[in-house]
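Residue strings, one per chain:
There are 2 protein chains.
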Amino acid sequence: MHATETRKDRGPRNGVDTPTLFATLEAIKGQPDLAKFQFRVSNRWVKGTNSRSRMESFTGAGGQQEHKRAYEYDADHPTVLVGGDEGPTPVEFLLHGLAACITAGIANVAAARGVTLSEVTSRIEGDIDLLGLLGLSKEVRNGYERIRATFDIKGDAPAEKLREIVAQSQARSAVFDVLTNGVPVEIAVNAA
Amino acid sequence: MHATETRKDRGPRNGVDTPTLFATLEAIKGQPDLAKFQFRVSNRWVKGTNSRSRMESFTGAGGQQEHKRAYEYDADHPTVLVGGDEGPTPVEFLLHGLAACITAGIANVAAARGVTLSEVTSRIEGDIDLLGLLGLSKEVRNGYERIRATFDIKGDAPAEKLREIVAQSQARSAVFDVLTNGVPVEIAVNAA
Chain S
1 MHATETRKDR GPRNGVDTPT LFATLEAIKG QPDLAKFQFR VSNRWVKGTN SRSRMESFTG
61 AGGQQEHKRA YEYDADHPTV LVGGDEGPTP VEFLLHGLAA CITAGIANVA AARGVTLSEV
121 TSRIEGDIDL LGLLGLSKEV RNGYERIRAT FDIKGDAPAE KLREIVAQSQ ARSAVFDVLT
181 NGVPVEIAVN AA
Chain V
1 MHATETRKDR GPRNGVDTPT LFATLEAIKG QPDLAKFQFR VSNRWVKGTN SRSRMESFTG
61 AGGQQEHKRA YEYDADHPTV LVGGDEGPTP VEFLLHGLAA CITAGIANVA AARGVTLSEV
121 TSRIEGDIDL LGLLGLSKEV RNGYERIRAT FDIKGDAPAE KLREIVAQSQ ARSAVFDVLT
181 NGVPVEIAVN AA
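So the protein lines, in turn, are chains S and V.
Under this note's numbering, the first residue of the first sequence is numbered 1, with each subsequent residue one higher.
Under this note's numbering, the first residue of the second sequence is numbered 1, with each subsequent residue one higher.
Just so you know, the hints here were simulated from the structure itself, not pulled from any lab data.
The C-beta atom is built at its ideal place from N, Cα and C for all residues, glycine as well.
Hints may contain errors.
[Said to hold, decoys possible] Here are the computed distance ranges between Cβ atoms for each label pair:
{"no.": "1", "chain 1": "V", "residue 1": "E119", "chain 2": "S", "residue 2": "D156", "range": "23 to 29 Å"}
{"no.": "2", "chain 1": "S", "residue 1": "E160", "chain 2": "V", "residue 2": "Q31", "range": "43 to 49 Å"}
{"no.": "3", "chain 1": "V", "residue 1": "G15", "chain 2": "S", "residue 2": "Q38", "range": "42 to 48 Å"}
{"no.": "4", "chain 1": "V", "residue 1": "S118", "chain 2": "S", "residue 2": "S57", "range": "23 to 29 Å"}
{"no.": "5", "chain 1": "S", "residue 1": "R163", "chain 2": "V", "residue 2": "D127", "range": "40 to 46 Å"}
{"no.": "6", "chain 1": "V", "residue 1": "A171", "chain 2": "S", "residue 2": "A27", "range": "55 to 61 Å"}
{"no.": "7", "chain 1": "V", "residue 1": "V140", "chain 2": "S", "residue 2": "A167", "range": "28 to 34 Å"}
{"no.": "8", "chain 1": "S", "residue 1": "S118", "chain 2": "V", "residue 2": "T79", "range": "38 to 44 Å"}
{"no.": "9", "chain 1": "S", "residue 1": "D156", "chain 2": "V", "residue 2": "T59", "range": "16 to 22 Å"}
{"no.": "10", "chain 1": "V", "residue 1": "A171", "chain 2": "S", "residue 2": "R163", "range": "37 to 43 Å"}
{"no.": "11", "chain 1": "S", "residue 1": "R163", "chain 2": "V", "residue 2": "G11", "range": "36 to 42 Å"}
{"no.": "12", "chain 1": "S", "residue 1": "A27", "chain 2": "V", "residue 2": "E26", "range": "57 to 63 Å"}
{"no.": "13", "chain 1": "V", "residue 1": "R148", "chain 2": "S", "residue 2": "R163", "range": "33 to 39 Å"}
{"no.": "14", "chain 1": "V", "residue 1": "Q31", "chain 2": "S", "residue 2": "P158", "range": "47 to 53 Å"}
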């Protein structure tokens, strides 16, 4: 950043390094293959309904990338469903992904539009009738019947502009797209 | 458990308390409202593209339930996308949910079928072209284009029976259903 550029004009906002973000977009425009990413998780069964996933590396921006550190997360079924409750349920992680995706987008979009945010919180709820996945009803689906998200956003812009920022983040959200539109999932099995 | 019942016949297997699992299914058959669950996540923006979700309680089995402890997870964008990499990306948590959901089902189904598992591992990959979510192409979707999962399963049953256990878990998986079929998501915004 040049010394003549003020933080207000061009600098980072909301913790988003806006100039680098714009420069990254320009670089990808010129070389669209940089935008091809593959994310990966490896998982190992621990005991009962408890398993542990690891996120360590991914591919994108032209090569293999490493997270700053390897992340490991447990998931489990709750005790009321005869699990060990050694972590949240798998379906709760979908809600976490949705909240985090739209929130990250809000911060980026707000920074790009020159809006300083003071607070973004959200509550995500998913309704699921377990009669489906327990095999007790053929009329009930296995997964969530519906998901509701409520975002509270505060910043130095009129309410209408803040709403537009959330709407734009939703319109570009990877997780919102996957959850609402679905995605082809192939499953292969090696058994021994 | 009666003293005359052997562990092999009726007892827990794979860390799954099979008798209690069957008793729970019977209880729900008699009172289907017990199967209505609501899972919840609250999220707070931290800085930049980093936010933190909390899973603490949920509703189901006729009332409010608390996890053994509150779980908190960060998500972020990676540094190559101008994030802080303070956690995995939101889309990686979808892969974790898928791996964990099918793995938990495998353990339950195997226990119900009298199969003792020795190892279940999986690798999940999601391909995503960021030209969509970055707004650089209208032909590219925002989310994953496809997801591939590979499960390796070992246990005291023929390979064919082990494959059937994975297939049955997939057929009843909440996360597999949501990811492949999609779910309605409503988003509300309070702006100030």
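Hint-by-hint comparison with the structure:
Checked against the hint of 23 to 29 Å, the C-beta distance between E119/V and D156/S comes to roughly 54 Å, which is inconsistent with it. Taken as a hint, the range 43 to 49 Å holds for the pair E160/S and Q31/V, whose Cβ atoms sit roughly 47 Å apart. Taking the beta carbon of each, G15/V and Q38/S are about 32 Å apart, not inside 42 to 48 Å as hinted. Range check, S118/V to S57/S: Cβ separation about 27 Å, and the 23 to 29 Å hint holds.
The supplied range of 40 to 46 Å is broken by R163/S and D127/V, whose beta-carbon atoms lie about 32 Å from each other. For A171/V and A27/S, the Cβ-Cβ distance of about 44 Å falls outside the hinted range of 55 to 61 Å, so the restraint is violated. At roughly 20 Å, the beta-carbon separation of V140/V and A167/S lies outside the given 28 to 34 Å, and the hint is violated. For the pair S118/S and T79/V, the beta carbons lie near 25 Å from each other, so the given range of 38 to 44 Å is not met.
Distance hint check for D156/S and T59/V: the Cβ-Cβ separation is about 37 Å, which falls outside the suggested range of 16 to 22 Å. A171/V and R163/S have their C-beta atoms about 41 Å apart, which keeps the hinted 37 to 43 Å range intact. For R163/S and G11/V, the Cβ-Cβ distance of about 56 Å falls outside the hinted range of 36 to 42 Å, so the restraint is violated. Evaluation of the 57 to 63 Å hint for A27/S and E26/V yields a pass: the beta carbon distance comes to about 60 Å.
Between R148/V and R163/S the C-beta distance comes to about 37 Å, which sits within the given range of 33 to 39 Å. Separated by about 50 Å at the C-beta atoms, Q31/V and P158/S satisfy the suggested range of 47 to 53 Å.
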